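Number of protein chains: 2
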Amino acid sequence: MGGADGRGHRVVIVGGGFGGLYAAKRLARVPVDLALIDRRNFHVFQPLLYQVATGGLSPGDITSALRWILRRQRNTSVWLGDVTEVDAEARTLRLADGASVPYDILVAATGSTQHYFGKDDWESAAPGLKTVEDATEIRRRVLTAFEAAERNPDRALEDGWLTFVIVGGGPTGVELAGAIAELANHTLRADFRSIDPRRATVLLVEGADRVLPPYPPPLSQAARRSLEQLGVEVRTGITVTDIGPDHVMLGGEGTSEKIATRTVLWAAGVKAASFGDALADATKAPRDRAGRIIVEPDLTVPDHPEIFVIGDLAHFAHSTGEPLPGVAPVAIQQGRYVADVIRRRLAGDTVRPFRYRNKGELATIGRAAAVADFGRLRFSGAVAWLLWLFVHLMYLVGFENRVLVFVQWAWNYVTRNRGARLIAHGWREPN
Amino acid sequence: MGGADGRGHRVVIVGGGFGGLYAAKRLARVPVDLALIDRRNFHVFQPLLYQVATGGLSPGDITSALRWILRRQRNTSVWLGDVTEVDAEARTLRLADGASVPYDILVAATGSTQHYFGKDDWESAAPGLKTVEDATEIRRRVLTAFEAAERNPDRALEDGWLTFVIVGGGPTGVELAGAIAELANHTLRADFRSIDPRRATVLLVEGADRVLPPYPPPLSQAARRSLEQLGVEVRTGITVTDIGPDHVMLGGEGTSEKIATRTVLWAAGVKAASFGDALADATKAPRDRAGRIIVEPDLTVPDHPEIFVIGDLAHFAHSTGEPLPGVAPVAIQQGRYVADVIRRRLAGDTVRPFRYRNKGELATIGRAAAVADFGRLRFSGAVAWLLWLFVHLMYLVGFENRVLVFVQWAWNYVTRNRGARLIAHGWREPN
Chain A
1 MGGADGRGHR
11 VVIVGGGFGG
21 LYAAKRLARV
31 PVDLALIDRR
41 NFHVFQPLLY
51 QVATGGLSPG
61 DITSALRWIL
71 RRQRNTSVWL
81 GDVTEVDAEA
91 RTLRLADGAS
101 VPYDILVAAT
111 GSTQHYFGKD
121 DWESAAPGLK
131 TVEDATEIRR
141 RVLTAFEAAE
151 RNPDRALEDG
161 WLTFVIVGGG
171 PTGVELAGAI
181 AELANHTLRA
191 DFRSIDPRRA
201 TVLLVEGADR
211 VLPPYPPPLS
221 QAARRSLEQL
231 GVEVRTGITV
241 TDIGPDHVML
251 GGEGTSEKIA
261 TRTVLWAAGV
271 KAASFGDALA
281 DATKAPRDRA
291 GRIIVEPDLT
301 VPDHPEIFVI
311 GDLAHFAHST
321 GEPLPGVAPV
331 AIQQGRYVAD
341 VIRRRLAGDT
351 VRPFRYRNKG
361 ELATIGRAAA
371 VADFGRLRFS
381 GAVAWLLWLF
391 VHLMYLVGFE
401 NRVLVFVQWA
411 WNYVTRNRGA
421 RLIAHGWREP
431 N
Chain B
1 MGGADGRGHR
11 VVIVGGGFGG
21 LYAAKRLARV
31 PVDLALIDRR
41 NFHVFQPLLY
51 QVATGGLSPG
61 DITSALRWIL
71 RRQRNTSVWL
81 GDVTEVDAEA
91 RTLRLADGAS
101 VPYDILVAAT
111 GSTQHYFGKD
121 DWESAAPGLK
131 TVEDATEIRR
141 RVLTAFEAAE
151 RNPDRALEDG
161 WLTFVIVGGG
171 PTGVELAGAI
181 AELANHTLRA
191 DFRSIDPRRA
201 TVLLVEGADR
211 VLPPYPPPLS
221 QAARRSLEQL
231 GVEVRTGITV
241 TDIGPDHVML
251 GGEGTSEKIA
261 TRTVLWAAGV
271 KAASFGDALA
281 DATKAPRDRA
291 GRIIVEPDLT
301 VPDHPEIFVI
311 GDLAHFAHST
321 GEPLPGVAPV
331 AIQQGRYVAD
341 VIRRRLAGDT
351 VRPFRYRNKG
361 ELATIGRAAA
371 VADFGRLRFS
381 GAVAWLLWLF
391 VHLMYLVGFE
401 NRVLVFVQWA
411 WNYVTRNRGA
421 RLIAHGWREP
431 N
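For the record, the sequence lines run as chains A and B.
Quick note on the working numbering: the first sequence kicks off at 1 and runs consecutively.
Quick note on the working numbering: the second sequence kicks off at 1 and runs consecutively.
Here chain A stands alone, though its shape is the one from the complex:
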């Protein structure tokens, strides 16, 4: 590392998600000495994590080794490591193992993590869905709940084994709720002898007055109808006031209700990943309430033109009034933009502010059900669903992964089976 090759200009990207990876790829032919640092050796295609969580896909199908993706970029090295400290004066990062990494340009792209709004003790009872391990843990909990119900069918309903509560009605919550309802009502239908999985309750709780709040109201209504057709119970205008290992408390206007459940999934909020703290400490950068760093129009940290922040870690509101959402297209466009800024600066060219081009939004609910919002063009149903399938296959990294996911979707569509239903790493007797 460290520009020993004489190229000199050391660019360090922290995080190999959408933002970091697309920045790195765009820098392939730019004469810099590029290092990509991640805690993991792989890129995850996060939009399909919910399918890993519900047994439709394997982690290997939606991940690619970062080294493999970047192997032909001779200016690029990949480092596995956990960045714990930023020295903005010395322009050096420090890793957990003590190594230090100097940079001329730093691109912070470490994304976000679950946000429990101060109730961090809810985390063990209500895992979120940000990593591959989160996904396999959710898969384990969901499948284990049905097993526990089969073992104790008389008390399965009262004890909450067949009640699944998803907190948060954004895209992740909607997708999870739809997939679990399909699992209960179709995939597992014939699998048990003492219980009928179709008696399961899948409850989606959203604090706003409709699901998919960022979408136009007619699409929210279409999404709600699709969810209800799948058997999901949708409750809006309701907040969760407590979560324990065997219950949730729901509160609305003047009401309070206790629901017995053993499976609560958290899709209600995210905050900046912990690297945001180290970066803010070092740069005195302003942050929003979710811990995201409020960036300049060119995605740099104020007074630090050598530090860029992109993706979920960045709060960018210059062209839009409100901050851009934490979705893959924003991260991808910001990653590419930063790569272009770096190239232009080296060439002495001027740089324009970042502008997000919203190409439209898609959210899926389940089998042949999705909603699409392209500004003037808004629609839902099977066509939106086919478009969702197509777009997600195209953005998936690696042709092999595309084929694998396509095969499993086709199979799932025909047989309603979900082939990746193994409970690995810690089947435990439910209690």
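Calculated from the structure, these hints are not laboratory results.
Treat the hints with caution; some may be incorrect.
Copies of the same chain are indistinguishable here, so a pair counts whether it falls within one copy or spans any two.
As the list claims (entries may be wrong) - Under the rule of at most 25 angstroms between Cα atoms (straight-line distance), these lysine to aspartate or glutamate pairs were calculated in the DMTMM-like manner:
#1 K271 / E133
#2 K25 / D191
#3 K284 / E306
#4 K271 / E361
#5 K25 / D196
#6 K119 / D97
#7 K119 / E133
#8 K271 / D209
#9 K258 / D196
Given the structure is predicted, the values throughout are model-derived calculations rather than measurements.
Given the structure of chain A, go ahead and fit chain B onto it with the hints provided.
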């Protein structure tokens, strides 16, 4: 459970591997009340575990949910549980969670586990390959070793990060050694910047005087040549005398050698799974040195015609002189045989002793290299390899899994990539 449906004849199979699963499937239309108990909710296609361990396949590709496989057998229920005790008098099993399960016929098919021949402290330094978790742990160790070498290239060779030792030259050891050599010499070739993965040493150690000892000598020689062409260093007539976290000690005739290595994989021996102890305690059944239960010609335990033992847990030597090997075809044929015995007994028909029909043996070494032994017909090379591919695809449970594995094999063949290279569940800084 417990024959409440009035059918009365309660058959309990413990273990959902090849033996237990094929017995269960064969009993689909036999009028018994069948329960299959396993600690896991899935069947594993063990012959391909080494490809999961070396990043070629995902666990989901070679596993199928037991409930899904047996969902249409209305006489069959699947129980997740750990059988800890057998009461042969009362004909009852006890599970770890306290539940008791009565049986009229018991089929023990719990398989085998690693055998360290009294050196159980070697286990943490030299994991074996019997479960999905073993496979992902081996994958983690192998990939992490290359990462550690990249981090510390100057000492990578001396410290043993690039030395991989496989103990045992049977089929599993040969397959693992070949796959790791391919990984180092081809798959990872362009991935690193500070080290050349091709400098890795893959060492296969076998105590006998040739690899694949059960095969005819010419095939052992062909396998050895193929391994050496892949870059594996093969040492026969050598035993391992010590294993530590950073070395192995090898001993031969009057010699002793210490080899620095961080990755030792154990493929040298297996013993009966722990359920064998419980069964032997309860029935006073005779056992061999590996803990396998020595069965009667009809695979029953002496003096217990109601208890069958099949697969790796059984020692059967009646027609052959020496015990049958612990391979899938033996377990499958024994599972089917036991199902037929149960059916014939219920019908009042006579029963013949079990006879193993050896349809031939296949072992693969790597890309276009395998050996085949069909008694008079013995051959090696590309034809044997294609036959190996075909047979393994055909025996894989589930059409979806066949397609997924086929796609990945084709991809691997063309690109030499191994797509399932994620280090999940515990990337740790190497030390």
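(Q) So, against the hints stated earlier in the document, which numbers end up violated here? (A) When the structure is compared with the hints, only number 6 turns out to be violated.
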